[in-house]
Every structure is written in structure tokens, then in C-alpha cells.
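Asks: For reference, the chains in residue letters:
Number of protein chains: 2
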Amino acid sequence: MPNRKKQDFPLSEIRRYLEPGPVVLVSSRWEDRTNIMTMGWHMMLGFSPALFACYIWGENYSFDLIRRSRECAINLPTSDLVDTVAAIGNCSGADGIDKFEKFGLTAQPAEKIRAPLIAQCHANFECKLVDDRQIDRYGLFIWEVVKAHVAASPKRPKTLHYRGDAEFMVSGPNLSRLNRFKPENL
Amino acid sequence: MPNRKKQDFPLSEIRRYLEPGPVVLVSSRWEDRTNIMTMGWHMMLGFSPALFACYIWGENYSFDLIRRSRECAINLPTSDLVDTVAAIGNCSGADGIDKFEKFGLTAQPAEKIRAPLIAQCHANFECKLVDDRQIDRYGLFIWEVVKAHVAASPKRPKTLHYRGDAEFMVSGPNLSRLNRFKPENL
Chain A
1 MPNRKKQDFP LSEIRRYLEP GPVVLVSSRW EDRTNIMTMG WHMMLGFSPA
51 LFACYIWGEN YSFDLIRRSR ECAINLPTSD LVDTVAAIGN CSGADGIDKF
101 EKFGLTAQPA EKIRAPLIAQ CHANFECKLV DDRQIDRYGL FIWEVVKAHV
151 AASPKRPKTL HYRGDAEFMV SGPNLSRLNR FKPENL
Chain B
1 MPNRKKQDFP LSEIRRYLEP GPVVLVSSRW EDRTNIMTMG WHMMLGFSPA
51 LFACYIWGEN YSFDLIRRSR ECAINLPTSD LVDTVAAIGN CSGADGIDKF
101 EKFGLTAQPA EKIRAPLIAQ CHANFECKLV DDRQIDRYGL FIWEVVKAHV
151 AASPKRPKTL HYRGDAEFMV SGPNLSRLNR FKPENL
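Which chain is which? The protein sequence lines are A and B, in order.
At position 75 of the first sequence the residue is numbered 75 (my numbering), and the sequence of numbers has no breaks.
At position 120 of the second sequence the residue is numbered 120 (my numbering), and the sequence of numbers has no breaks.
Hints were generated in silico from the structure; no laboratory data involved.
A couple of the hints might just be wrong.
For identical chains, the list gives no copy identity; a pair is met inside one copy or between any two copies.
Stated by the list, open to error - With a cut-off of at most 30 Å between alpha-carbon atoms, the simulated DSSO-like pairs for lysine-lysine come out as follows: (1) Lys5 to Lys112; (2) Lys102 to Lys182; (3) Lys158 to Lys182; (4) Lys102 to Lys112; (5) Lys112 to Lys128; (6) Lys6 to Lys128; (7) Lys5 to Lys128; (8) Lys5 to Lys182; (9) Lys182 to Lys112; (10) Lys147 to Lys6; (11) Lys128 to Lys158; (12) Lys128 to Lys147.
Take these sequences, add in the hints, and give me the full structure.
Replies: Here it is, written out as C-alpha cells:
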């Protein structure tokens with residue numbers, strides 16, 4: 001799996017990748033420990049600042065790393081990584097596994113956080129926690145995305161969308177309806 | 001557009017339709033007013049009870065109807081409804097439009113809420129508000145889905161996933177990786 005060359009991407013436009021609802025890989029670091037988890041329960045919550053919310057189960061090994069460091073990276077895998085995504089979701093960092101090493105993924109330094117980025121993903125979003133008050137009740141983390149890196153092509157990567165029951169939907173054709181939108185609604 | 005015959009669907013399995021991140025149509029009723037809005041910022045937040053969170057902009061006409069009634073229905077449109085979805089997102093109930101009538105949609109009575117269901121959608125999820133404390137700060141509504149109705153077929157409907165810029169991604173092929181999942185992770 002090649003590393004993907006990425007460019008800075010405007011934070012106000014990250015909905016292009018996150019709003020369609022892909023499975024993402026969440027990478028984190030706390031002290032000398034790093035981990036990667038899969039995540040499908042997330043949403044955009046604002047354009048500017050670029051807010052993003054996600055659910056993380058308290059039993060996940062990543063939960064503590066993310067809660068303590070108050071940082072994470074949201075990495076967008078493409079469909080060629082489906083076996084890696086499934087495998088990452090079916091093993092735990094609690095078992096002493098280094099998931100970067102085990103799955104042949106490259107940890108790249110981020111710019112604004114200490115958590116590593118996954119080089120093989122199509123896009124990486126660096127996140128800082130802005131609200132921890134819904135974690136105890138709902139497992140809900142509210143993030144500000146502070147830096148976005150996106151591969152220049154393809155413009156519409158094939159992403160994975162989890163249905164449960166070990167089924168992934170792969171993103172399909174694009175339909176543009178530009179003539180039906182008011183400019184202020186784009 | 002035909003009405004779709006639906007069956008009761010287990011609440012603990014609604015992630016199958018909501019987790020992949022489709023655009024949904026939110027229908028609401030307050031006193032004698034009903035409305036429909038499009039929504040792409042939402043997430044699953046729990047299996048049992050079936051919790052679901054979404055963002056609603058305070059300037060949307062539906063915001064007041066939903067906040068006051070503390071109910072809504074989440075309706076899942078399929079890709080054949082793309083023009084209707086785009087049109088619903090580009091007009092406002094504040095202009096006195098009855099969106100059911102304007103777009104030839106059938107309002108069906110729900111079982112547990114007063115908001116109408118959209119007969120032409122593949123699935124309808126009846127929601128009651130369980131937490132309003134994040135509305136003022138984030139526009140975030142936290143719902144319990146109290147009843148689910150889903151068309152028996154197709155099992156994997158073609159859904160719409162919004163990318164911004166008037167572009168919809170249509171759900172594509174299914175990849176099953178059953179042999180890579182631990183039973184407890186399904």
C-alpha cells in the first residue's frame with residue numbers, strides 16, 4: 001500500500017469527505033503508546049470552526065489514549081484497505097499489538113497534534129477536543145478539526161461505509177444537481 | 001413514486017440504514033403545521049436504547065417545529081428521489097409551502113409520534129427527544145428511536161450521501177468480510 005501524497009485542504013470544506021458517512025480510522029497517542037481504531041459513528045457539527053462529533057465506546061483501548069491526550073487524527077481509508085479496516089476493528093491495542101507495525105501502516109507526524117497520521121489513507125484530519133462534557137453520558141467527543149491533509153486525486157475516492165454484520169458499502173456513482181441548488185445552499 | 005410497504009424493524013438493528021451516512025428527510029409536526037427538511041449531519045449513538053443524534057440549524061423552519069414537539073421522523077429516501085431531495089433542501093416551509101403537497105409525497109400516520117411519516121421513503125424511524133441540553137450550544141438533538149418501519153426489499157437500497165456542492169454519492173457495491181469479524185464485533 002503506497003503512502004499518499006497530500007496537500008493542505010480548507011477546513012471549511014472537509015464535509016466533502018466526512019458528511020457522506022465513511023468508516024474512518026482514528027489514530028491516537030498518549031505518552032509512548034499509539035493505537036488505531038475503526039469508527040462509523042460520527043458527524044459534522046460545524047463549518048467554521050470545523051466541528052466534528054464522534055462516539056467512542058469506553059471499552060475501546062483507544063478511549064483512554066484519546067481522552068487523556070485530548071487529541072486524535074481522523075484518517076479516511078479507501079476501499080482497497082477493506083481487509084485492513086476489518087482487521088483493525090477486530091483486534092485490540094490492549095493485547096500489546098502495535099497496529100501500525102502489524103498492518104504495515106506508516107505513522108506520519110502531524111502538524112498540530114502529537115497523534116500520528118496514517119500515510120496510506122486518502123485524507124487525514126487533525127483534531128483537538130473542544131468539549132468533553134458529553135463523554136461520560138454518551139461517549140460523545142466533540143472535536144475541532146485544526147488541520148486537514150487530502151490527496152489531490154482522485155477527487156471522489158471510493159470510501160467504505162459500514163452497515164453492521166461485517167458488510168461494507170463502497171461509495172458509488174456521483175450525481176450532481178447543481179441546477180437545482182440555490183447558491184447559498186451549496 | 002409509489003408508497004412502499006413496510007414492516008416493523010428491530011430497533012437494535014437500525015444502524016444498518018443509518019450508520020452508512022445517508023441523507024435523510026426529517027418530517028415534523030407542531031400543532032397544525034408540518035414540514036420536511038433534508039439532513040446529512042447525524043450519527044448513531046447507541047444500540048439499546050436506539051439513540052441517534054443530529055444537527056439542526058436554528059434558521060431552519062423545521063427547527064422550531066421539532067424543538068417544540070420534541071419529536072420527528074427520520075425518513076430514508078432512495079436515489080430515485082434525488083430530485084425531490086434536492087428540491088426539498090432548496091425551499092423553506094417558512095414560505096408557506098406544504099412540502100408533502102408540493103412534492104407529491106404521502107404523509108402517513110406514525111404509531112408513537114404525531115409527526116407524519118413519508119410513505120415514499122424506504123424506511124421511517126420515529127424519534128422522541130431524550131436530551132435537549134446540547135441544542136443551544138451545538139444545534140445537537142439527541143433522540144431515542146422508538147419505532148422503525150423498513151421496506152422488506154431491497155435489502156440494500158440505493159441511498160444518497162451528500163458531499164456538498166450539489167453532489168450526491170449513490171451507495172455502491174456491498175463487500176462482506178464475515179470471515180474477518182469476531183462474532184462479538186458484528
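Asks: With reference to the structure, classify each hint as holding or not holding.
Replies: Comparing the hints with the structure gives:
{"no.": "1", "hint": "Lys5 to Lys112", "result": "within (18 Å within a copy, 51 Å between copies)"}
{"no.": "2", "hint": "Lys102 to Lys182", "result": "between (48 Å within a copy, 18 Å between copies)"}
{"no.": "3", "hint": "Lys158 to Lys182", "result": "both (28 Å within a copy, 25 Å between copies)"}
{"no.": "4", "hint": "Lys102 to Lys112", "result": "within (26 Å within a copy, 49 Å between copies)"}
{"no.": "5", "hint": "Lys112 to Lys128", "result": "within (9 Å within a copy, 39 Å between copies)"}
{"no.": "6", "hint": "Lys6 to Lys128", "result": "within (20 Å within a copy, 43 Å between copies)"}
{"no.": "7", "hint": "Lys5 to Lys128", "result": "within (23 Å within a copy, 45 Å between copies)"}
{"no.": "8", "hint": "Lys5 to Lys182", "result": "neither (34 Å within a copy, 34 Å between copies)"}
{"no.": "9", "hint": "Lys182 to Lys112", "result": "neither (36 Å within a copy, 35 Å between copies)"}
{"no.": "10", "hint": "Lys147 to Lys6", "result": "within (12 Å within a copy, 44 Å between copies)"}
{"no.": "11", "hint": "Lys128 to Lys158", "result": "within (27 Å within a copy, 35 Å between copies)"}
{"no.": "12", "hint": "Lys128 to Lys147", "result": "within (10 Å within a copy, 36 Å between copies)"}
Checked against the numbered hints given earlier, the structure breaks hints 8 and 9 and satisfies all the rest.
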